[in-house]
Structures are given as C-alpha cells and as structure tokens.
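> These protein sequence lines map, in sequence, to chains A and B. Heads up: the first sequence runs through residues 1 to 173, numbered per my numbering. Heads up: the second sequence runs through residues 1 to 183, numbered per my numbering.
Honestly, the hints are just simulated from the structure, not real lab data. Since the model is a prediction, treat every value here as computed from it, not as a measurement. Where hints are given, some of them may not hold.
[Claimed, not checked] To give an idea of the chain B side of the interface with chain A (calculated C-beta under 10 Å), a few residues:
| hint | residue |
| --- | --- |
| 1 | Y43 |
| 2 | N162 |
| 3 | A170 |
| 4 | S172 |
| 5 | G174 |
[What the hints assert, rightly or not] Here are the simulated DSS-like pairs of lysine-lysine, each with C-alpha atoms no more than 30 Å apart in a straight line:
| hint | chain 1 | residue 1 | chain 2 | residue 2 |
| --- | --- | --- | --- | --- |
| 6 | A | K88 | B | K149 |
| 7 | A | K166 | B | K149 |
| 8 | B | K100 | B | K142 |
[Claimed, not checked] DEER-style ranges, computed between Cβ atoms:
| hint | chain 1 | residue 1 | chain 2 | residue 2 | range |
| --- | --- | --- | --- | --- | --- |
| 9 | A | A104 | B | G144 | 48 to 56 Å |
| 10 | B | A96 | A | P61 | 40 to 48 Å |
| 11 | A | A138 | B | D35 | 36 to 44 Å |
| 12 | B | A181 | A | L95 | 24 to 32 Å |
| 13 | A | I156 | B | T131 | 41 to 49 Å |
| 14 | A | D159 | B | A181 | 38 to 46 Å |
| 15 | A | T39 | B | G146 | 30 to 38 Å |
| 16 | B | D35 | A | H85 | 42 to 50 Å |
| 17 | A | D86 | B | G117 | 39 to 47 Å |
| 18 | B | H67 | A | H131 | 17 to 25 Å |
| 19 | A | I156 | B | G169 | 23 to 31 Å |
| 20 | B | A132 | A | Q172 | 22 to 30 Å |
| 21 | B | Q30 | A | A138 | 38 to 46 Å |
| 22 | B | G144 | A | Q172 | 20 to 28 Å |
For glycine and all other residues, C-beta sits at the position ideal for the given N, C-alpha and C.
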Amino acid sequence: MSTRRQCWHCMLLVLLGGCGIAAQRVDKITPRDQSVLETHVQPYLDMACASIDCHGAGGRPLRLYSELGLRADATDRPQPISNSHDPKALTTQELASNCSAFAAVALSTGSPDHHLALLKPLALGAGGIHHVGGVHWADTTDPGYLCLRGWLVGDIKQDVGSECAKATAKLQQ
Amino acid sequence: MDTVMLPLLRACGALALLCLAGCIGVSPEQQLQKDLGPDTGPYNSGPLHRAGFPCTNCHGDLWWQDHPTFELAGTVYRTPTDEGGMNGAEVHITDANGQKITVQTNQAGNFFLVTSGAGNLRGGEGSATVTALAFPLRVSVKTGTGEQKMRGLIWRERSCANCHSKQLGAASNGRVFAMEATP
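Take these sequences, add in the hints, and give me the full structure.
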C-alpha cells in the first residue's frame, strides 16, 4: 500500500474517531443519574427486583422503593392500585434513596463492573455470584444487565433507554 | 448453714426453670403464628377459616410439617372495603414454566393450591391440585363482570395476604379485590 493511501486511512480514522468522541460527550449520562433512573431503569426494577417480597422488603440489602412495591410513606399510596387507578410517581427522596442503595453495594470505585447489583443476578457461569433471588441474566448480553450496567457506569443514554425498555417488556403481562 | 442455703438453692432452681421455660416455650415459628392473633371468622379450622390471613405462615414449610403445605393461598374480597370474602371469584395464575391455573374461591373467599402429593384435605372447596410452582407468578382475579390484574410479579411469597394485608399502606395494596369500590 502506498504511503499516500495509508495517510488517507489515517485521516479517515482520526475524523471518525473524533465524531465518536463528540457524540459520546453529548450522549453519555453521569453514572446513576436520577432522572435516567426514574424514566428508564425504575420500570425494570419495579418488575424484576423491587417487589415487596424481594428488595421491596424492609431490612433487606439493596432496599428499593417502587411504584408497584414498597413506598417510603403510606401517604404515597393513597388508594389501592387497580385497573383504573395508577400508582403515584416516586418522590425525589425515594429516587435518591434508591440511588444511594445502589451506590452502597458497589464493590470497587475503580472497576464499575465489580458491583454486587451486576454480579448477584448474573449466572455463575457468566461470572456471577450466588443470589438468593435467583439468576436473572444468563450472560452479560441480557438487556436487564445492559440496562443496569449502563446506568451504573454512565453509558450512552439512548442505549440505556432501549435496553431497559426491552428488559421491562419481557416481564410485563 | 443448711437453713440459709436451702431456700437460696430452691430460689435459684426455680429461676433456672423459669428461664428454661422461657427459652423453649415459643419457637420463632410459633411466635409468628401467635402474632397473627385469633381467627375472627365464623368457621372451624379447615378451608373456610382465617380468611384474609397469610395462610402459608402456618401451612408452609417453616412450621406446618405434619400437614400438606400450600403452594399458594389467599383470600379474595368483592371490593377493597368488604368485610367478608367473596364466594366464586376466579383466581388465575400463570407460573414461570407457563403452567396456567384457575381456582375458584370458596364461601369464605379463600383459595389454596396443593401439589398432588398433598393427600386428602378435609373439604376441598377453594383448592386446586397443581405441579410445584415455578416463580415468578402472574396473577389476576376474574368475576362475571370483569378482571383485575396485578401489574407486578410475585417472585417468592406464597401468601397473598403478606402483601395484601387489610390495611392499605406503604407495603400493602390492601386486600385482593375483584371489583373497584363503588364511589
């Protein structure tokens, strides 16, 4: 290959690389962003983790509030949820408490994948660890894993959104 | 010396006995049952008793060993505020393996699921025989006029009443009801 052609390739790569970085800067969320939690991650947590018999039980590690599960206060559920009554949205305090609950089970600040919330629901064969609540993800390509990981490490917003939507849809009636 | 020591020894002995009784008197499982309080319904023990109670706190692996344990059990009410349970409501359950179960509540509003190994229960109304359930479960309640669906999943709890206690609140959606309250 001529030097000139190689140079072209280099320039193209540099240009493309530049685009990538620029796009990422625009799109990346801050790790554990509270509004991304509310709109994208929380619906998945409601279905998969936060039921009153699991992480919605007081006293359990990673205790989570959710619209369909535990509320911080009885006044947050003024009437029974039913076909014609939707739950009240989570309060800012409830969301903040969920964020801190996740922060508290990080195993290392250096490597974001070393996080109990990512390792416990993951199959042992895929690098997970024992979880009383069972295996939720066969491997690290499961939308549920990608949803939670993306939010925890601060990934691209669009990807987090679409993985969370896929993971939630799998569990809804 | 005897006159001084004997009453002292007796007192110590009595104290030791009391302590022992305290220790072995109530197991955690018995305490759990005691905490539920007395049955307030009109029926004798059997399929109609203890409507609204978390059945598997007693008919579960923890404590109820010489009788069949229930796979799943609960009580359905017509509306959120009714005092008595609803007869003939259909409870629909789909487990993680796709097993679909329909069971009708009995006169007290109770239903319970047992596995085929469970043997004969006194009066089976409200019961259905199932293959051991795989969690999570999806549930709904149907009556002639409509269906109420639970939006979330049940991941491990076998008694509806442990999340559907009488009092609506931070950790309860109130009783399981088949119809909306009339305004």
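> Closer than 10 Å between Cβ atoms is the bar; does N162/B clear it against chain A? Give me holds or violated.
With Cβ-Cβ at 7 Å, under 10 Å, it holds.
> Does S172/B hold up as a contact with chain A if the rule is Cβ-Cβ below 10 Å?
Interface hint status for S172/B: holds (8 Å vs cutoff 10 Å).
> Let's test the interface hint: is any C-beta of chain A closer than 10 Å to that of A170/B?
holds, 4 Å
> When you take the CB atoms of A138/A and D35/B, is the distance between them in 36 to 44 Å?
holds, 40 Å
> Between A96/B and P61/A, is the Cβ distance one that fits in 40 to 48 Å?
Violated - the Cβ-Cβ distance for A96/B and P61/A, about 24 Å, lies outside 40 to 48 Å.
> Does the Cβ-Cβ separation between Q30/B and A138/A fall within 38 to 46 Å?
holds, 41 Å
> May I ask you to test the hint 48 to 56 Å on the CB atoms belonging to A104/A and G144/B?
Hint holds: Cβ distance 49 Å, inside 48 to 56 Å.
> Verify the proposed pairing of K166/A with K149/B, using a straight-line Cα cut of 30 Å.
Holds - the C-alpha atoms of K149/B and K166/A are around 21 Å apart, at most 30 Å.
> Would you say the C-beta atoms of T39/A and G146/B sit inside 30 to 38 Å of each other?
With a Cβ separation near 31 Å, T39/A and G146/B satisfy 30 to 38 Å, so the hint holds.
> Okay, G144/B versus Q172/A on CB: inside 20 to 28 Å?
Because 27 Å falls inside the window, the suggested range holds.
> Looking only at beta-carbon atoms, does the pair H67/B, H131/A fall within the given range of 17 to 25 Å?
violated, 31 Å
> Can the suggested window of 24 to 32 Å be confirmed for the beta-carbon pair A181/B and L95/A?
Holds - the Cβ-Cβ distance for A181/B and L95/A, about 30 Å, lies within 24 to 32 Å.
Of the numbered hints stated above, those contradicted by the structure are hints 1, 10, 16, 18, 19, listed in ascending order.
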